[in-house]
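Visitor: Sequence:
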Amino acid sequence: WMRHAIGLARLGQGRTDPNPAVGALVVRNGRILGEGFHERAGAPHAEPNAIAQARRRGHGLVGATLYVTLEPCSSWGRTPPCTDLIIRERLGRVVVGATDPDPRHRGRAYALLRGAGIEVVDGVLAAACLALNPSFHARFEATLPAADTPTRPPDNGRLSAGSALAQYDAVARLR
Numbered sequence: 001w002m003r004h005a006i007g008l009a010r011l012g013q014g015r016t017d018p019n020p021a022v023g024a025l026v027v028r029n030g031r032i033l034g035e036g037f038h039e040r041a042g043a044p045h046a047e048p049n050a051i052a053q054a055r056r057r058g059h060g061l062v063g064a065t066l067y068v069t070l071e072p073c074s075s076w077g078r079t080p081p082c083t084d085l086i087i088r089e090r091l092g093r094v095v096v097g098a099t100d101p102d103p104r105h106r107g108r109a110y111a112l113l114r115g116a117g118i119e120v121v122d123g124v125l126a127a128a129c130l131a132l133n134p135s136f137h138a139r140f141e142a143t144l145p146a147a148d149t150p151t152r153p154p155d156n157g158r159l160s161a162g163s164a165l166a167q168y169d170a171v172a173r174l175r
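Heads up, the final residue of the sequence shown is numbered 175 in our numbering, and it's a clean run with no missing numbers.
Since the hints were derived computationally from the structure, they do not count as laboratory data.
Treat the hints loosely; a few may be bogus.
[Said to hold, decoys possible] Computed Cβ-Cβ distance ranges for the label pairs, DEER-style:
1) S135 to A43: 11 to 21 Å
2) G7 to E119: 20 to 30 Å
3) R10 to G115: 15 to 25 Å
All of these numbers come straight from a predicted model, not from anything done at the bench.
For each residue, glycine too, the CB sits at the ideal point set by N, CA and C.
Using the sequences provided together with the hints, build the complete structure.
Guide: Below, the structure written as structure tokens:
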């Protein structure tokens with residue numbers, strides 16, 4: 001199901017900035033009740049779109065499972081928090097691909113949903129879900145420019161004299 005949600009998220013890529021592209025679907029008994037994606041910045045997120053489609057089709061959502069590529073938002077912005085809707089609709093389980101890197105949301109949805117008695121499974125196809133929004137995730141990572149961030153020596157175990165890592169190594173030995 002998460003692969004299907006990833007496919008939905010791809011439909012919004014390039015149209016949601018500064019927000020991430022997200023896909024979601026509501027499932028019960030092996031059947032998709034509703035699906036959606038975040039279509040553009042300021043528009044409803046993927047989760048409300050999937051839930052709205054399920055309701056338009058006449059499906060009850062109590063106890064259903066929501067698959068979503070990114071942790072649902074948990075605070076007000078241009079749209080209401082998705083966690084409020086998920087709790088209000090009494091979904092039984094939320095399966096998340098990747099944790100939201102935004103400090104306003106990071107991990108908060110998990111606590112809110114679990115506190116409401118909703119089962120949360122996270123990290124499903126996380127690498128593929130993270131790959132949907134590399135610039136969104138990079139914006140929240142505190143990193144130095146690549147030349148200033150030594151990580152490890154090359155695979156051959158040798159440092160070339162002009163490499164940033166070799167320069168870092170030389171400075172570190174002087175300290």
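Visitor: Against each hint, give a clear statement of whether it holds in the structure.
Guide: Hint check results:
1. S135 to A43: 11 to 21 Å: Because 19 Å falls inside the window, the suggested range holds.
2. G7 to E119: 20 to 30 Å: holds, 24 Å
3. R10 to G115: 15 to 25 Å: violated, 32 Å
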